[in-house]
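Colleague: For reference, the chains in residue letters:
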Amino acid sequence: MGYRVRLEMFEGPLDLLLYLIQVNEIDIYDIPIAKITEEYLACLASMQELDLEVAGEFLVLAATLIHIKSKMLIPAEEIAEEEVPEEDPRKELVERLLEYKRFKEAAMTLEEVESRQQLLYARPADPSVPVTDGRLEVSLSELLRAFAAIMERATAAAVLEITPEAISVGERMMALLDRLTLESPLPFTALFDGAGTRALLIATFLALLELLRRGLVRARQSDSDGEITIYRTMGRWEGGDGRPA
Amino acid sequence: MDDLPDRDPLAILEALLFLSEAPLPVERIEEILEGRSKEEITRLLSALQERCRQEDRGLWLAEVAGGYRLLTKPELAPWVQRLRGTKPAKLSRAALETLAIIAYKQPITKPEIEAIRGVMIDGVLKTLVDRDLIRILGRKAEVGRPILYGTNRAFLEYFGFKDLSELPTLKEIEALAPDTARIEARDEAVGETRKPDTIA
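Quick note, the sequences are listed as chains W and E, same order. Position one of the first sequence corresponds to residue 83 (my numbering), numbered consecutively onward. Position one of the second sequence corresponds to residue 663 (my numbering), numbered consecutively onward.
None of these hints come from the bench; they were simulated from the model. Please note: incorrect hints may appear among the correct ones.
[What the hints assert, rightly or not] Quick look at which bits of chain E chain W covers, simulated, 3 or more residues with Cβ under 8 Å:
#, stretch
1, 674–682
2, 707–719
3, 776–788
Virtual Cβ for every residue (Gly too), placed ideally from N, Cα, C.
Isolated chain E, as found in the complex (with noise of 0.2 Å):
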């Protein structure tokens, strides 16, 4: 690459954030700002989130998807809206059930979603697709070799998760069965081994 004049690396980092359409990821950062290393990356990261953090700031830096990215702060939605003119269209709750069942147990078939919701769901799976939350990993290696499905980075940014262990925990069956509830958690405690949140 050519020779650059020297600039204030945190300029540069701002002005990367502020183009970059996905979250940046620090490997990116590096090859493009040469030279510096991860932890001196990393550094030069926390110094613009604190810089952000200030009252006077209109945005912050989140760590979603894998990388970074500048996002409006969010009590200043209100205004943000009124530039944008529409608000964000909400996924359905059959949409959302459907999203939670893939991305708890990807990868997973058509057939295998339907039998855990008890009803068909060729058209949400199509608004998953169209929506661009979801993907198709493969086929399985049975009867009809079905579809695979799994989440996408775009699922991640949608919900602002850093990577798939940030889904939020499967919530136990406490409610209908205390007792149990009970047990398994003080078994949890001894343990010490918090697992992702996947399910059998």
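Bound conformation, chain W alone (with noise of 0.2 Å):
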């Protein structure tokens, strides 16, 4: 081999064979199985220190070359005694470098899209301003909905509970008020992090009703399906002028 390759300077096993083909120059529907299987391999072997989770990667592929080298190696005339029809052992894996180039290229393609698209500036997203947009606020049935989701998480660990302790939704108010003052933006599965229990967590999530309610926190969602986020509005409509949250 006249050049030196490093794993790293490759995205895969697809990713090396592609660039031996290419250096040698061989037509990608008619690959030297046994040339190009060796050459493969004299790659691997050259690597010092393999990563053992890449190296099972680049392996796989090792190992399928063998698998299409041997089963070229039985001579035709055996195959067509059995009737078997003639199909190329190299055909699904010239298939799968094809699918992966195109890939590849259109990988390439976004890399200089993002490269001018990065020349743009926009307004960036300032979170203590919330813009209304009717598509992301966030409705009561959704909010219950994630909720859900956090309650169905809990139930498990629920059934060790012995000690009770009492629970105020205001104190819960407080609690989340001063988080959200001091980290405003955070995910909503975030605001229930540390509370272990069931009436915990039920208390935590009507404080943060009623702290959308007063219009003291916002909560939005990128998408329908999308992480809902709270929002502290730095107390503007602490007033309370009926602005729905």
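Both chains are sitting in their own frames, so use the hints and assemble them into the complex.
Modeller: Here's what the structure looks like:
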């Protein structure tokens, strides 16, 4: 081999194989399997340290190549006698390579688009000033659904609960508000971090609903199935001018 | 809504576009301006677009992800970058390959993407979710009910596409099989049917 390769240069085994095909000026529809297998294995062997997980992926393709090579060693007449329809053992590999190549090229095009696009700047999203947008507001049913998912996960742990402790929604409201003042915006699920018991989860949720009603926080969702994000509204509506949260 | 005094609609439009964090859909402009037809709004948008084209303006009006937004002109990027202090982070090649597969083949599951790329993609998928370029579309009705992924609106914004039909053409395999590619190109020219570029 007249060239040195390093595995990190490649996005995977198919990428390496495409490279070998290209540098050897091989017709992808008529790959000399014995030659390419030898080169491919030589590349793997030249790697001093192999990340085990990465190596596994490269070895799977090595096995495939060897399998194809062995199939091609069976004389054609033998196959004909058994009346098996003649199919090139390389066909499946070629199809995979072509499929991968198309997306590799698509990725390179996207990269060019990305570079051009990164010269254009738009107003950055300012989380402290939520712009009213019908589609981004979260409905009560969506909040309930998100909360149901959290409760479902908490069910198993709840059985262990022994010590009763007094929980007040008012306290939870203060705690949420304190946290959001420091860390706004927060994902909906993060509000329930550390709330181990069902009672605490429910109190936290009720506190959130109350805060939303009072307009102290707002909930937004980027699309109907997306994550719900909770924003602190900087007390601008504290006067309670009836704006729906 | 309250009665508003008459103001130049072009000025209002500019103000809305200036403030909007996301591309503003025509329907939303219609709601806000009240009483102006869609045609009228489209005319206003092109008028604004025309003004932006002047050399002494720093912004231009782009149509992207189902709406309109003001962007800085590309030739001004060096100065805007000085203001921002940092250059935007580029996606890795692994992320771009995965994103390309998702974009063209959505809805698609993780094992299906891995089969095409020949590598595991757990880390890359997480990056794409974190950067908010893909979303979960649902689950596939098969064993294990694997998650189906697709691109979202932020993906269109990131690449500046109006919608998915603007994805660049998936290059045919001309480089490796010039003859086949030519035949296909001829067929297409005769048929005159340009489908959006999805692949089977």
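Colleague: Could you run down the list of hints and mark each one as holding or not?
Modeller: Verification of the supplied hints:
1. Against chain W, the stretch 674–682 of chain E contributes 3 residues with a C-beta closer than 8 Å to a partner C-beta. That satisfies the three-residue criterion, and the hint holds.
2. Coverage of the stretch 707–719 of chain E by chain W is violated in this model, with 0 residues showing a Cβ closer than 8 Å to a Cβ of that chain against a need of three.
3. Only when three residues or more bring their CB closer than 8 Å to a CB of chain W does the claim for the stretch 776–788 of chain E stand; here the count is 5, and the claim holds.
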